[in-house]
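According to the numbering used here, the sequence shown holds residues 1 to 153 in order.
Think of the hints as simulated: they come from the structure by calculation, not from any bench. The beta carbon of each residue, even a glycine, is placed where N, CA and C say it ideally should be. It is possible that some hints are incorrect.
Computed Cβ-Cβ distance ranges for the label pairs, DEER-style [as the list claims (entries may be wrong)]:
{"no.": "1", "residue 1": "Asp-32", "residue 2": "Leu-120", "range": "28 to 38 Å"}
{"no.": "2", "residue 1": "Lys-152", "residue 2": "Lys-47", "range": "32 to 42 Å"}
{"no.": "3", "residue 1": "Pro-33", "residue 2": "Ile-118", "range": "31 to 41 Å"}
{"no.": "4", "residue 1": "Asp-83", "residue 2": "Ala-44", "range": "33 to 43 Å"}
{"no.": "5", "residue 1": "Ser-73", "residue 2": "Lys-47", "range": "17 to 27 Å"}
{"no.": "6", "residue 1": "Ser-48", "residue 2": "Glu-92", "range": "11 to 21 Å"}
{"no.": "7", "residue 1": "Asp-32", "residue 2": "Ser-121", "range": "17 to 27 Å"}
{"no.": "8", "residue 1": "Ala-94", "residue 2": "Arg-36", "range": "35 to 45 Å"}
{"no.": "9", "residue 1": "Asn-122", "residue 2": "Phe-88", "range": "16 to 26 Å"}
{"no.": "10", "residue 1": "Ala-44", "residue 2": "Ser-73", "range": "28 to 38 Å"}
{"no.": "11", "residue 1": "Glu-110", "residue 2": "Leu-130", "range": "32 to 42 Å"}
{"no.": "12", "residue 1": "Phe-76", "residue 2": "Ile-49", "range": "25 to 35 Å"}
{"no.": "13", "residue 1": "Arg-74", "residue 2": "Ile-49", "range": "12 to 22 Å"}
Taking lysine to aspartate or glutamate and the DMTMM-like style, the derived pairs with C-alpha atoms no more than 20 Å apart in a straight line are [unchecked claim]:
{"no.": "14", "residue 1": "Lys-113", "residue 2": "Asp-32"}
{"no.": "15", "residue 1": "Lys-47", "residue 2": "Glu-37"}
{"no.": "16", "residue 1": "Lys-152", "residue 2": "Asp-131"}
{"no.": "17", "residue 1": "Lys-47", "residue 2": "Glu-110"}
{"no.": "18", "residue 1": "Lys-34", "residue 2": "Glu-110"}
{"no.": "19", "residue 1": "Lys-113", "residue 2": "Glu-37"}
{"no.": "20", "residue 1": "Lys-152", "residue 2": "Asp-70"}
{"no.": "21", "residue 1": "Lys-55", "residue 2": "Asp-144"}
{"no.": "22", "residue 1": "Lys-34", "residue 2": "Glu-103"}
{"no.": "23", "residue 1": "Lys-117", "residue 2": "Asp-144"}
{"no.": "24", "residue 1": "Lys-47", "residue 2": "Asp-144"}
{"no.": "25", "residue 1": "Lys-85", "residue 2": "Asp-70"}
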Amino acid sequence: MRYLPAAIALALFFLISLSYSNEDKDHAGPVDPKIREFVHCINAQRKSIGCPKLKWDNRIAVVAQRHSRDMVSRDFFNHNNPDGKDPFDRLEEANLGFSRAAENIAFGIETGKELFKIWLSNPGHRRNMLDCRFTRHGVGRAGDHWTQLLLKP
């Protein structure tokens with residue numbers, strides 16, 4: 001009986017650790033070094049203008065990654081896929097609620113730093129990246145095709 005509290009404490013520790021690891025897996029950050037480079041650039045720029053860093057969300061990144069792959073596999077370059085689905089449709093299909101969302105796409109770019117510079121020089125992409133109302137994002141890349149989704153829950 002004197003070991004029961006230790007067993008309960010161990011079980012509670014395991015459950016708490018499990019809940020943190022499940023929460024963290026959605027916000028752990030990108031694995032792709034080119035995407036990590038882009039995320040570093042965008043968050044440094046946002047910090048310099050007083051915006052909070054964008055929080056990485058793997059669920060959003062999955063939607064972005066699927067769109068990048070789709071553009072490559074079906075040979076198109078557009079926010080709307082050949083089935084007529086736009087970024088908002090794709091986010092809703094993934095059960096990602098949002099009050100505001102935007103998407104940036106690009107192709108022919110090799111590095112995250114280059115992508116950031118190009119998007120920063122374009123008024124629409126710049127506005128999306130530096131909009132302080134966006135708090136979460138995810139980026140997908142298939143070869144030289146990139147998709148960034150930004151949202152405010």
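Requested in this report: State, for the Cβ atoms of Arg-74 and Ile-49, whether the hinted interval 12 to 22 Å holds or is violated.
Outcome: The hint (12 to 22 Å, Cβ to Cβ) is violated, given that Arg-74 and Ile-49 are roughly 37 Å apart.
Requested in this report: Go ahead and decide if the range 28 to 38 Å is satisfied by the Cβ distance of Ala-44 to Ser-73.
Outcome: holds (33 Å)
Query raised in the report: That 17 to 27 Å hint for Ser-73 and Lys-47 (C-beta), does it hold up?
Result: violated (36 Å)
Query raised in the report: Taking only the CA atoms, is the gap from Lys-47 to Glu-110 under or equal to 20 Å?
Result: With Cα atoms ~25 Å apart, Lys-47 and Glu-110 exceed 20 Å; violated.
Query - Proposed proximity, Glu-37 with Lys-113 (alpha carbon, max 20 Å) - result: Since the Cα atoms of Lys-113 and Glu-37 sit roughly 6 Å apart, the hinted pair holds (cutoff 20 Å).
Requested in this report: Take the C-alpha atoms of Lys-47 and Glu-37, compute the straight-line distance between them, and say whether it is at most 20 Å.
Outcome: holds (16 Å)
Report task. With a cut-off of 20 Å on the C-alpha distance, tell me whether Lys-85 and Asp-70 pass. Result -> Roughly 12 Å separates the two Cα atoms, so the pair holds.
**Report entry** Ala-94 paired with Arg-36, Cβ distance criterion 35 to 45 Å
**Finding:** violated (22 Å)
Query - Hint consistency between Lys-117 and Asp-144 [alpha-carbon to alpha-carbon, up to 20 Å] - result: holds (15 Å)
Query - Assessment of proposed distance window 31 to 41 Å (beta carbons of Pro-33, Ile-118) - result: violated (18 Å)
Query - 20 Å Cα cutoff - pair Lys-152, Asp-70 - result: Violated: Lys-152 and Asp-70 sit about 24 Å apart, past 20 Å.
**Report entry** Agreement of Lys-34 and Glu-103 with the hint, judged by alpha carbon distance not exceeding 20 Å
**Finding:** Holds. Lys-34 to Glu-103 sits at ~18 Å (cutoff 20 Å).
Violated hints for the displayed structure, listed by number in ascending order: 1, 2, 3, 5, 6, 8, 11, 13, 17, 20, 21 and 24.
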